[in-house]
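Colleague: Sequence:
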Amino acid sequence: MAEDNRTPLRVRFELRRRELRVAERHLLTPHMLRLVLSGDLEGFQSLGFDDHVKLLFPDPQGGETPVMRDYTPRAFDVSEGRLTLDFALHDPAGPATQWALQAKIGDTLHIGGPRGSQVWPDAFDHYLLIGDETALPAIGRRLESAPAGQAITVLAMVENAAERQAWVTQARADIHWLYRAEADDVLSAIDALTLPSDPLVWIAGEAQWARTVRAHLHDKGLNPKGIKASGYWLKGEAGAHQALD
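Under the working numbering, the very last position in the sequence shown is 308; numbers go up by exactly one each time.
Please keep in mind that the hints were generated in silico from the structure rather than gathered at the bench. It is possible that some hints are incorrect.
Claimed, not checked - No farther apart than 30 Å at their CA atoms in a straight line, the calculated lysine-lysine pairs in the DSS-like style are these: (1) K283 with K298; (2) K298 with K117; (3) K117 with K288; (4) K167 with K117; (5) K117 with K291; (6) K288 with K298.
The task is simple: from the sequences and hints, build the whole structure.
Modeller: Pasting the structure below:
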């Protein structure tokens, strides 16, 4: 593949703050809550499956600066004014999780962004998506938007079988669920795969976990230019979000 095809398209958007209201609540699994928000989404854009919006919450200490958290737009419909967000529920609950657990129909939420999108080309022979619970909204969005017949392999690390989600896709998808409670090892799962020599690899989850996965793929000889890794959270640190590229 030509090297130029490795370069993602980067698009910037005008940053805008919006006030939306909770329109629907759905508990997808014991630890994944979906909220559908409604309101004015005129001009809202999100071209990349792993884009993120900022959720803004009042400072619990009473300060003027809001507490912000990054979340993937799971789905959106500008004409209908609807934005879907999935919340991975965990304990102890941070401000986003706490708000989502208590949110009622009609409650308001302020969001900002996305600030921009990073769109990877659809020209790769194979796509490998690896992530934990926090990456599932992006993985689900990618699968559902994939062209018919596109080859995608997913390694999804969740607590147990009750956390599996059902995704509808036209892709030629090979989905592997790994269970933390059963001590499944993502590195062994990678070693068991038969992959082409030059896939596009996307990794997201706990930062140190994502680094370990990325290093393992480097050791296997995969092209580093075709690997994107992100730390969606950092164990022991609230609100961390790190690009590991």
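Colleague: Each of the hints needs a verdict: does it hold here or not?
Modeller: Status of each hint after checking the structure:
no. : hint           : verdict
1   : K283 with K298 : holds (26 Å)
2   : K298 with K117 : holds (20 Å)
3   : K117 with K288 : holds (28 Å)
4   : K167 with K117 : holds (20 Å)
5   : K117 with K291 : holds (21 Å)
6   : K288 with K298 : holds (27 Å)
Comparing the model with each numbered hint stated earlier shows that all of them hold.
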